[in-house]
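*Asks:* Residues in the sequence shown are numbered from 1 upward in steps of one, following the numbering used here.
Because the hints were derived from the structure by calculation, they are not lab data. Keep in mind it's a predicted model, so treat the numbers as computed, not measured. Check before you lean on any hint, since a few could be wrong.
[Unchecked claim] Straight-line C-alpha distance at most 35 Å; calculated DSBU-like pairs for lysine-lysine: (1) Lys245 to Lys127; (2) Lys401 to Lys325; (3) Lys485 to Lys80; (4) Lys325 to Lys293; (5) Lys409 to Lys293; (6) Lys80 to Lys97; (7) Lys234 to Lys106; (8) Lys269 to Lys199.
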Amino acid sequence: MKIKNKILIPIIVLLVLFYLIIAYYEFSQYIEDKEHEITISNSNTFNSIIKSQNEILETVGLNLINSSIVKQSYLEDDPKIIANEFSKTWETLKENKMISEIHFFKPPAISFVNFSSLVFNEADVSKIRTDVDWTFDSCQQSSHMFACRKYVGFRKVYPIFDENENILGSLSVGRDLNVIPEHYRKLEEKDAISVYHKKNISNLQKDIIENIQNHSLNIDEHLFLNSDINYLEKDFFEKLDLDQKHQTIYYHGDRYFITIFDIQGFDKKTLGHIVVLDDITSEYEDFINKVLKNIGFLTTLIFLVYIILNKNVEAMTRKISKISKFVRKLQNRNFSVLDATDFEKNKLSENELDVLSYSLFKMGISLRELYENQRNTIDENILELKNMVYVDSLTKLPNRKAIEKDLQKERAFAVIIFDVDNFSQINNFFGANTGNTVLINIAKHLKNLIADFSDYGIKVYRIGSDEFGIIYRECKFSVEDFILKLVNNSSGIRIFNLPDDIDLEVDLTVGISKGETSSVENSDIALHKAKDEKIPYYIYDDDIYSLKKEQENNINLLSMIKHGILEDKFTVFFQPIFNSKREIIKYE
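Just need the whole structure built from these sequences, with the hints factored in.
*Replies:* Okay, here's the thing in structure tokens:
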């Protein structure tokens, strides 16, 4: 196509020069905005990582401190009960890199069970674990960073109470600080390193410190853990100013924007820093490319105007509009446009717009696959965490948290709780393996009893060491017939093929609450009433409700008297007693 209008070329030159002048002044603002954007992104990611790690630690911690097994271990002063019950849980969490520490303590700060090193030596760690000491003094949980013997990282410390709110011990769960750089690499695909202050991590064991030093750069009073960033030498890190939270470093022709986050310990001392590196060299290149593209756009625009004047633009406009709509839908994650478009047919075309449309189509396919893979990974992690929280590991039944959650979602017409009679004797006499097999068989027996009711959402829960629960919901059978079936099949349960060829006959005691009184708490009260009176079952009624309120009042009264004595709120008056001679002989 020949250009007939001679004024076209001078117009193009003038517009390009004008644009370059504007671009020169926009350059500094562009870089400033980009660095601000990176700062916000890094900060959001840092806060997200901290939040996610705290949520994982909170999930694990709350499940452990509310476990009846843990409280039993403290009451019997037998740490092996905890060790035997939760060793597999510890190994699973550690293997999945979800946790670095599960450590139980006794007052004032005595090691009780440390899964990092199962040696029951009752060491006093009060001088090192000041956070544990604080928890025992305050009876409150704490969430903080800490450097102890094994690692520097997240810590959550929870007090453990018995049924009377007396403190039995405390639990510390933790995660290594290096999870933050790992998550930056995984989530943001950018490098980050941990930096430690030597003097503030002196509590670490000698071999741990030596290991850190072997994988770090030693610069002044800091250790830079850069084992995963081998493309940067020591002179790069020497340029860092750790007191400056945002800075830019030029290194071997590249430009790095640095974001620094302080890590403060329980005592408010700075344990170290997380240094996030963003290579923004490409941002400069992108800006230059943007300038070049805009110059090309201006040139193209002028040619388009010229073409429009020559009535040759209609087909190109349709293609550009179609491409523009396609890109907007991809930006909104509307990947269905990939199945609706016909851009794939442009694969062999030599037309530039067709080549562009086909390239965008292939890019959209790749983006959809990446997005779906990320969604699947997140869904799998959420499902695995839910199973850990709501499913009993031995019987694979829903646990106590699950029954409480289900009762909150939908009203129950009855709650039935079963307790295995003399289960502790089975455990003590035949051993834990036999006891576990008994529990698994009881779970199967109860599931078989309600098999006909599964379509109504009725299921079996394991809610305690040897306790199971069932929620009755409205169905074709009346609540009375349903309860009668369960009670009639709760005695003389034969269990065969136990370890060592043992056969047992097991009875269940049943506690029931129904109607407006339906709850796990009331059924549990009825269960204890049945066991006290040595009868096979008991249904919660007004008499037991009155007894419950009387017990609650007695407990509250005792608590008030106890606090009154501790806080010196009582005033004592002495009444003299006289004999016949008007002499004081005693007081009352």
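*Asks:* Decide, hint by hint, whether the structure agrees.
*Replies:* How the hints compare with the structure:
Pair hint Lys245 plus Lys127 holds up; C-alpha atoms about 32 Å apart against a cutoff of 35 Å. Restraint check for Lys401 and Lys325: the C-alpha separation of about 49 Å exceeds 35 Å, so the hint is violated. A hinted pair counts as satisfied when its Cα atoms are at most 35 Å apart, and Lys485 with Lys80 does not qualify at roughly 40 Å. Under the criterion of a C-alpha separation no larger than 35 Å, the hint pairing Lys325 with Lys293 is consistent with the structure, at around 20 Å.
Restraint check: the Cα-Cα separation between Lys409 and Lys293 comes to about 57 Å, which exceeds 35 Å; the hinted pair is violated. Using a Cα cut-off of 35 Å, the hinted pair Lys80 and Lys97 holds, with the two alpha carbons roughly 24 Å apart. Taken as a hint, the Lys234 and Lys106 pair is broken in the structure, with Cα atoms around 45 Å apart against an allowance of 35 Å. A threshold of 35 Å between alpha carbons decides the hint, and for Lys269 with Lys199 the separation of about 10 Å falls inside it, so the pair holds.
Violated hints, in rising order: 2, 3, 5, 7; the structure is consistent with all others.
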